[in-house]
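We have chain H; now place chain G onto it with these hints.
Letter by letter, the chains look like this.
Number of protein chains: 2
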Amino acid sequence: MDDDIVIVGGGQSKFGKRKGLGIRELAFEAVSDLMNDFNMGIEDIDASVIGIAGEEFSGQGAPAAVVVDEIGMVGKPTIRVESACATGSAGIKTAYGWIKAGFYDTVMVVGVEKMTSVSSARATELMARAGDVRWESPYGCSFPGYYAIMASAHMKEYGTTKEMLSSVGVKAHHYGSLNPKAHIQKEVSLEEAVNSIPIAYPLNLYDCSLISDGAAAVVLTKASLAKKYTDSPVRIKGVGSGSDTMEIAHRKSLTSLSGAKEAARRAYKMAGVTAKDIDVAEVHDCFTIAEIIATEDLGFFEPGQGGPAALDGQTYIGGKIPINVDGGLKSKGHPLGATGVSQANEIRNQLLGKSYNRQVEGAKIGLSHNVGQSGQFVNVMIYDRV
Amino acid sequence: MDDDIVIVGGGQSKFGKRKGLGIRELAFEAVSDLMNDFNMGIEDIDASVIGIAGEEFSGQGAPAAVVVDEIGMVGKPTIRVESACATGSAGIKTAYGWIKAGFYDTVMVVGVEKMTSVSSARATELMARAGDVRWESPYGCSFPGYYAIMASAHMKEYGTTKEMLSSVGVKAHHYGSLNPKAHIQKEVSLEEAVNSIPIAYPLNLYDCSLISDGAAAVVLTKASLAKKYTDSPVRIKGVGSGSDTMEIAHRKSLTSLSGAKEAARRAYKMAGVTAKDIDVAEVHDCFTIAEIIATEDLGFFEPGQGGPAALDGQTYIGGKIPINVDGGLKSKGHPLGATGVSQANEIRNQLLGKSYNRQVEGAKIGLSHNVGQSGQFVNVMIYDRV
Numbered sequence: 001m002d003d004d005i006v007i008v009g010g011g012q013s014k015f016g017k018r019k020g021l022g023i024r025e026l027a028f029e030a031v032s033d034l035m036n037d038f039n040m041g042i043e044d045i046d047a048s049v050i051g052i053a054g055e056e057f058s059g060q061g062a063p064a065a066v067v068v069d070e071i072g073m074v075g076k077p078t079i080r081v082e083s084a085c086a087t088g089s090a091g092i093k094t095a096y097g098w099i100k101a102g103f104y105d106t107v108m109v110v111g112v113e114k115m116t117s118v119s120s121a122r123a124t125e126l127m128a129r130a131g132d133v134r135w136e137s138p139y140g141c142s143f144p145g146y147y148a149i150m151a152s153a154h155m156k157e158y159g160t161t162k163e164m165l166s167s168v169g170v171k172a173h174h175y176g177s178l179n180p181k182a183h184i185q186k187e188v189s190l191e192e193a194v195n196s197i198p199i200a201y202p203l204n205l206y207d208c209s210l211i212s213d214g215a216a217a218v219v220l221t222k223a224s225l226a227k228k229y230t231d232s233p234v235r236i237k238g239v240g241s242g243s244d245t246m247e248i249a250h251r252k253s254l255t256s257l258s259g260a261k262e263a264a265r266r267a268y269k270m271a272g273v274t275a276k277d278i279d280v281a282e283v284h285d286c287f288t289i290a291e292i293i294a295t296e297d298l299g300f301f302e303p304g305q306g307g308p309a310a311l312d313g314q315t316y317i318g319g320k321i322p323i324n325v326d327g328g329l330k331s332k333g334h335p336l337g338a339t340g341v342s343q344a345n346e347i348r349n350q351l352l353g354k355s356y357n358r359q360v361e362g363a364k365i366g367l368s369h370n371v372g373q374s375g376q377f378v379n380v381m382i383y384d385r386v
Numbered sequence: 001m002d003d004d005i006v007i008v009g010g011g012q013s014k015f016g017k018r019k020g021l022g023i024r025e026l027a028f029e030a031v032s033d034l035m036n037d038f039n040m041g042i043e044d045i046d047a048s049v050i051g052i053a054g055e056e057f058s059g060q061g062a063p064a065a066v067v068v069d070e071i072g073m074v075g076k077p078t079i080r081v082e083s084a085c086a087t088g089s090a091g092i093k094t095a096y097g098w099i100k101a102g103f104y105d106t107v108m109v110v111g112v113e114k115m116t117s118v119s120s121a122r123a124t125e126l127m128a129r130a131g132d133v134r135w136e137s138p139y140g141c142s143f144p145g146y147y148a149i150m151a152s153a154h155m156k157e158y159g160t161t162k163e164m165l166s167s168v169g170v171k172a173h174h175y176g177s178l179n180p181k182a183h184i185q186k187e188v189s190l191e192e193a194v195n196s197i198p199i200a201y202p203l204n205l206y207d208c209s210l211i212s213d214g215a216a217a218v219v220l221t222k223a224s225l226a227k228k229y230t231d232s233p234v235r236i237k238g239v240g241s242g243s244d245t246m247e248i249a250h251r252k253s254l255t256s257l258s259g260a261k262e263a264a265r266r267a268y269k270m271a272g273v274t275a276k277d278i279d280v281a282e283v284h285d286c287f288t289i290a291e292i293i294a295t296e297d298l299g300f301f302e303p304g305q306g307g308p309a310a311l312d313g314q315t316y317i318g319g320k321i322p323i324n325v326d327g328g329l330k331s332k333g334h335p336l337g338a339t340g341v342s343q344a345n346e347i348r349n350q351l352l353g354k355s356y357n358r359q360v361e362g363a364k365i366g367l368s369h370n371v372g373q374s375g376q377f378v379n380v381m382i383y384d385r386v
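Each protein sequence line maps, in turn, to chains H and G.
Heads up: the first sequence runs through residues 1 to 386, numbered per our numbering.
Heads up: the second sequence runs through residues 1 to 386, numbered per our numbering.
Honestly, I wouldn't trust all of these hints.
It does not matter which identical chain is meant; a pair holds if it fits inside one copy or across any two.
[Said to hold, decoys possible] The calculated lysine-lysine pairs, modelled on DSSO-like cross-linking and capped at a C-alpha distance of 27 Å, are:
(1) Lys269 - Lys228
(2) Lys100 - Lys156
(3) Lys156 - Lys227
(4) Lys100 - Lys228
(5) Lys186 - Lys17
(6) Lys261 - Lys100
The hints are simulated quantities; they were obtained by calculation from the structure and are not laboratory data.
Looking at chain H on its own, in the form it has when it is part of the complex (with noise of 0.2 Å):
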């Protein structure tokens, strides 16, 4: 329909440890890939949505105008959205919002962090700040803390084994090594990441994901304006969002996120599929037991057969769900603003058949759930081509 809403143009910056390059420079490199297969120029975007997660890390207070001014958008209206590491697709929803309610034909989202300015010990503190300061970070709970104790519940309700996480690390870095823009290429066996150096029980180096710097980019535009910039739009064709308590000590269960379950039902329903439609899927990897759930609370497995799942290869190209198959926030990297975006960038490759030596053939519809703190704000969505 006319009224739909799709991508119709995507880029990302090489993710990693990007020396010397801020979050201008960052952002600068995404859109400029965005802009090698895109018809049109900057000038014919109305605004922006930009998505960073923590000032902290960049040291630049309200940072969206920093950027709007290096990617040549300067004087058009922008906002900075906020959603932990579910700031990427925060800026999505918010873009889409704002083409439906006619302040915009065309809006580009740059979501982008800079971490390895700080060292990963002041990035794991700054991260955990995203937990509650009140009753949690200050007794020295920390993101990996937070999915160990996730993944703890997960092996005793379901009997989920260390190799089971392993295997999924496994894969990340799999793809991560046919991805040039992944921050690691590199593969790795699934004896070495059993026997990883541990990070927080039962969570091994190889189970966690990275700390990246990086960028993502993407023009949305209604359906009936695509043509212009593309002759290849890709839909947006289902969002969900959801939520959870702040303190995990508060939730009914550790084994599954209820706001991703709510998330991806509304999805779904938005879309008018279920899980068993989509070809391929970007899920939130940021610790392997992270996936795992995920693939559960997706419903592409049933609960507790996620491990198994991915112990059997069934998320490989070829598996039942090929997940992640860019490497994931474990081998591409997790620059916490440009993860969502660069989630919605894959599929759309993946949907263009663009996603060369790792593209899942035939791939009609894809999703994407990003999460954010630990469940507290998760985005689900769903695209095809139109």
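Using the frame of chain H, we list chain G on its own:
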């Protein structure tokens, strides 16, 4: 029209130095105030948009979720938005889009800031980071400095005087003295204001807005659903936004904000009204010069006439256009994320005839003008009774 977006509830905490209260408690106070004139309960609201400008003030990263927990909206989708001092109106714009997109029927916007947890010097430094941290703030430019430059330019170009600037502060304190929720309730004479201590020439103490704690909340829904919530919905009839260069050194003019003019143009066009139709306005008087420039940018007075008009009392109730008759940022206070939401709430009260001893009699159309940074984020909104 059924398609219109309306405000069906509003509330505000007391603004001020709210010792012992954090973002949670301030937000709760605003939402409690809102619930007093609201026909339904918090359970009838589908989602929230949380406006918080600076996470360093509270130390809470990704702070939307802690606010949502406290106001009884656990499990419902949320997002944080940030546009420096225009954060509150950015929240309203985002919620407007989400409803228009069909994501939700009813969305609460909560703007909140806890600023007095740090010293005034530290607050000024944190706010200065919203200037360019590469080329501006490290060289000593903080926000009083930006606006002092604009004031000097305005004085040079138009002959604006210190008395004219001070008269804006005098008016703010007059109306603030009548507003029980204002940070400072104290009349100030023109003589006192002109002779108050210098902050950044030509701006004195009574030219500068306050560092305040506070929160404000509004609930938006579709006009077709408004009856469930209230007998007197207020419509958001126009929304316009603008922006400007990051560095003020790059601007063509220092006596006007080009983003504000553009935002006004768009808002008037969408609403189908002109400056002459506005009965009451809330403008972003972070400094007295900012109010003078705002009244010119919005078309209430010709360029250069804002100062004389202010000194002449034309912006009091009974004058040509009553401006900031709640005390404005100068006397009501300026808790960054709350300000834009409080402006909308004040206009709503004015249009409903609920502003008591500060009521603009017969006000039918109102306007709010909310500016972030030194003009990089501007949102202008126009409201009427449905």
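Against the structure, the hints:
For the homomeric pair lysine 269 and lysine 228, the shortest alpha-carbon distance between copies (26 Å) is at most 27 Å, but the shortest distance inside one copy (30 Å) is not. Taking the closest pair of Cα atoms, lysine 100 and lysine 156 never come within 27 Å of each other, the shortest separation being 46 Å inside a single copy and 44 Å across copies. In this assembly of identical chains, lysine 156 and lysine 227 lie within 27 Å of each other by CA distance neither inside one copy nor across copies; the values are 53 Å within and 50 Å between. Both within a single protomer and between protomers do lysine 100 and lysine 228 lie at most 27 Å apart by alpha-carbon distance, with minima of 18 Å and 24 Å respectively.
With identical chains, the CA atoms of lysine 186 and lysine 17 are at most 27 Å apart within one copy only, with a shortest distance of 15 Å there and 54 Å across copies. Taking the shortest alpha-carbon separations for lysine 261 and lysine 100, both the intra-copy value of 25 Å and the inter-copy value of 24 Å come in at or below 27 Å.
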